[in-house]
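Quick one: dock chain against chain with the hints and give me the complex.
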Amino acid sequence: MMHNLDFLLELCQTGRRMNLAVACPYGDDVLGAVCEAHKRGLINGILVGDSEQIKKKAEAHGFDLKGLSFVDEKNDYAATEKAVQMVSSKDADLLMKGFVKTAVLLHAVLNKEWGLRAGSLLSHLFLFEIPLLDRRILGISDGGMNMYPDLNAKVGIIENAVKCYHKIGVSNPLIAALGAVEVVNPDMPATLDAAALTQMNRRGQIKGCTVDGPFALDNAVSDEAARIKNIDSPVAGKADMLLVPSIEAGNMIGKVLLYMTGGRGAGVILGAKKPIVLTSRFDSMETKLLSIALGAVVASKE
Amino acid sequence: MEQIRSLSQLLEYAKKIGAEKGPKKLSVAMAEDAGLLSAIEEARVAGIAEAILVGRKEKIEVAAKEAGVDLANYEVVDEPRGESAMAMTAVEKVSSGQAHIYMKGQLHTNHFLRGMLNKEVGLRKGKNTISHCYFHSVEGYDRVFFVADAAFNMYPDLPAKANILQNTVNFARAFGVEEPKVAVLAAVEVVNPDMPCTIDASALTQMNRRGQIKNCVVDGPFALDNAVSEESAKTKGLVSPVAGKADVLLVPDIEAGNMMVKALVYFSKNETAGLILGAAAPVILTSRADSPRAKLLSIAAAVLLSSFEEK
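Heads up: the protein sequence lines correspond to chains A and B, in order. The working numbering puts the first sequence at residues 42 to 343. The working numbering puts the second sequence at residues -15 to 295.
Okay, chain B solo, but in the shape it has when bound (with noise of 0.2 Å):
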């Protein structure tokens, strides 16, 4: 496939995966809010998802009046026992291979996660590691940049960010980038030994070489700078495959993370969406303050997602 190399591109190429393998089901954990209606009615018009609608049916036929929305086109099912309630049976649904996609509505997060993370019906995949992406397109750059974890992941060790790592790539092949560039993140591009996520991004550079994180290329340590700009990377004459051409950017915390998404978001031209990553199937997270259209987008990433694993 064609690299995607922009958050349109990715819904148009949703669309197609649709067209072409027909149309992926959500499963909707309290699916009572009308602007989360909206976005998943777009994605049904778009043929890219269908979904299961779980939460108190009233309350989703009120939200569905006010998005406009008919109900007809998706399966409703009433939970009226609670948010926990509503979190295990959405999720249960993904598990029992009724539908493809564990989305989060409006209930809590505690309660949508301990859905995914339920030993009986939730969507644990062995020991892996879960971890969330924030998948970015910036003006006056070619290509999509991943980010993680800057949501999930609080302070991870060093086998956590292997795995972050595994998982982000994975997601990134998706988009259609075949042998993604990983840059370790951290404030210099130097290695400090007094400066730990240096010495992690060294490791990881290292396990990278030795098979031990397949699939891409990883480099680091880099600051920012240098990882996505080719120019500041030949003024460090930085000579590295990473060094201004990455696609991931693994971020050593999630406060570090968390402020350079946000920075990207309110201070750039940028299109941006998230997805959790490393469970059993695609987990959408989002937050009521997520537009509808990076709802969309998150929905479109996880079909895209969903598809790729199928492979």
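Bound-form chain A, shown alone (with noise of 0.2 Å):
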């Protein structure tokens, strides 16, 4: 088991550099962060948008912009239109999200002629660090995309995420379908979800991964936990990603995990044709580079 975030950055180094198309990148953040990436040799910065603009920022932070390609359109709504087209024509590999809005963004991924759509439903998947764990990688979705998904709707959250996982190496991840206690409620929905889940893993329905649930967050992470719950499972205590029943839950797992245990994350929108990178302002330089070394990597292997 992969102990750190750091085996994206390497698995980026190897083999053919994928290209990131980041559709205006204005944001310090953003621009800052596709630098750093390209300088580290993670991905080839393709900036599209105006510029001008871009020059002038990179300027003000003292960015390098050595090696990065130009795409110049300083309309929004075109150049994120660009930066998508780009990607489904295979001139780049890769989307970001830059100083635009996540509507317009989607809007342009969604579009039935040029966009990235693969016929799946997109979701968000986070991989975490948790030092506190011995340092063991947990993912979690949906946190960011899919409010309040219905039993099909997970299925597709869980699918897109077993695809990313096999191609980061983890051949049968073990997921661990939350609620709020790890027994079957008929009033809590969640419960009954995680239930059908794993049935359906069992059925065969889904594949390339052990489903179980439901479980409390504890009894998912933690063997301990487990034990002392008598929970006889493949996945209690080792789970690789939770399952979230919500996005409220799912952000609030995240946003503890990224600011207050001192990990790093990385996080991804998967279901595409290609994987499309999404950065939160407040993430750090880390979190971002990682973020763009998963979207790399999942790339590579589409």
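These are computed hints drawn from the structure, not numbers from a lab. Note that beta-carbon positions come from the ideal geometry of N, C-alpha and C, so glycine has one too. Treat the hints with care, since some could be wrong.
Unchecked claim - With a straight-line cut-off of 20 Å between C-alpha atoms, the simulated EDC-like cross-links for lysine to aspartate or glutamate are:
id, chain 1, residue 1, chain 2, residue 2
1, A, 115, A, 69
2, B, 198, A, 273
3, B, 41, B, 59
4, A, 96, A, 113
5, B, -1, B, 25
6, B, 111, A, 228
What the hints assert, rightly or not - Rough simulated footprint, nothing fancy, chain B against chain A, three-plus residues with beta-carbon under 8 Å:
id, stretch
7, 215 to 225
8, 230 to 236
9, 269 to 275
Claimed, not checked - From the structure, some residues in chain A lie toward chain B, with a derived Cβ separation under 8 Å:
id, residue
10, 192
11, 193
12, 240
13, 241
14, 244
15, 245
16, 246
Shown next, in the form of structure tokens:
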């Protein structure tokens, strides 16, 4: 098992360098991360937007633009479309959101003619390092895209994550479907969905992973907690990924991990033809680089 | 004990219990039918059960005469005040400990069940769900099948299904099936979000794995074929300790269950009887259409369960 996320940087630096098209990189956070990623050889950065504005920004912050490509497009919508089209036409390998609204970016991604639809649900996966758990890596989905996924959407979220895990070298991820408790409670729909997902996995309807649930978070990640509760399951205490029932739950777990534990993370949007990197302004440089690296690794294996 | 694998074995085992521990006592509401009295007499002669016969004394005497039964061997309680009173009188004999098993005679099912559910003299056991179980031996199979609930609960929700399942598992254990294999049935063996009973089946499976349903192995959803036929389970590539080996078949609702049971009864070589479970004592709810043999088998099963629950 991987102990921290540095392996993503290593994977990125072997094989062909992926071309990352960034839509509207006018914010110092994204621009800085892309320059740094380019410099470190994780990706080739393609900056799609108002070239003049980008250069000014870089100069103001002392970013090194050496070797990065520019696609000059002053209008934000047009730049976003262009970045998406570069990915769908394979001029670029993955997409990253810059200073443009998420809704605008997704609108372009979902365009039926030149977008990046692949017939799957789009979902967000975040991988976290947990320093206190022997620097184990834990994934959470979906704390970013799907608000209140129903059972079918949860299947889609798991399928996206499983493909991603396979690409980063985890051949059979252990997925814990979380509830607030580890028992089935007819009044808590998340526990019913968790049970259904478990059986779907056992019947071969969800492949390439082992799903079990419901779990409370503690008995999904701690062997000790699982033992105390007498839970007999290959996933108990050993989960690679937590499937959360709602965006609130996922978002809050994610933010605790990112801001209160000293760990780093890597997030990516899955389910489109190519991965989409979407970072938050508050993410550390390390987390942004790791997110770019995760996207690049996934893109390299599409 | 050795597992009872057919209903003939059930009868033999009930005789053995009778011989070792003495016969159990039935309390029969409106015991005014010759066919019914024949079955009870057979149980008595076999040493399985004795009976308190509640009803109109003269009608019981007429029926006994017709059946060739000597009433000297029975306690007859004259209850001339109608069916409702017969039910209350008969059930009170059980709740007060004078008898072990409550059995229906000629009265309407409503009256009989109202007796069972009566708050003062009835057989309610806390909030426990009361459920029905058909048990079958079918030619070609090496075990008894327990089907629930095809008669009492119409559209059970998940908590009710969990209770029905637990009642039925307890009953199967009385047959010596140490850890019954329970298949939760649906029309398919895969989870389909548009078929709610496949979701319930998943929930019950996980409830079992989390220790919320005990003393058994639950899996589902299954279609009937892959629950009872190992061949079919293999064809479908199902990996489950229950696939092809089920003892207990939990049906999603009364229509599916009732039709399945009746198809089994009328289209296969089988022996079938039924029992009501989950009350403070076993309850025999036979219908007029049941043969004396089926009634006898229900009595034998009730005796078995009553003796199992004493342990």
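Evaluation of the provided hints:
Only pairs whose Cα atoms come within 20 Å are accepted, and residue 115 of chain A paired with residue 69 of chain A is accepted, the gap being roughly 18 Å. For the given pair, residue 198 of chain B sits about 14 Å from residue 273 of chain A by alpha-carbon distance, which is consistent with the 20 Å threshold. Proposed proximity of residue 41 of chain B and residue 59 of chain B is supported: the alpha carbons are some 11 Å apart, at most 20 Å. Our distance criterion of 20 Å between C-alpha atoms is met by residue 96 of chain A and residue 113 of chain A, whose separation comes to about 11 Å.
Taking the CA atoms of residue -1 of chain B and residue 25 of chain B, the gap is about 14 Å. The hint holds against a cut of 20 Å. In summary, the hint linking residue 111 of chain B to residue 228 of chain A is supported, as the alpha carbons are separated by about 18 Å, within the 20 Å threshold. Residue count for the stretch 215 to 225 of chain A with a Cβ under 8 Å from a Cβ of chain B: 3. That meets the three needed, and the coverage hint holds. With 4 residues bearing a CB less than 8 Å from a CB of chain B, the stretch 230 to 236 of chain A meets the requirement of three and the coverage assertion stands.
Only residues whose beta carbon comes within less than 8 Å of a beta carbon in chain B count, and the stretch 269 to 275 of chain A has 4; three or more means the coverage holds. The beta carbon of residue 192 of chain A comes within 5 Å of a beta carbon in chain B, closer than 8 Å, and the hint placing it at the interface holds. Interface hint status for residue 193 of chain A: upheld, as the beta-carbon distance to the closest one in chain B is roughly 6 Å, under 8 Å. The beta carbon of residue 240 of chain A comes within 4 Å of a beta carbon in chain B, closer than 8 Å, and the hint placing it at the interface holds.
Restraint check, residue 241 of chain A versus chain B: the minimum CB separation of about 4 Å is within 8 Å; hint holds. Taking 8 Å as the C-beta contact cut-off toward chain B, the hint placing residue 244 of chain A at the interface holds, the least distance being around 5 Å. Hint on residue 245 of chain A holds. Least Cβ distance to chain B is approximately 7 Å, under the 8 Å limit. The restraint placing residue 246 of chain A at the interface with chain B holds, with a minimum CB-CB distance near 6 Å, inside the 8 Å limit.
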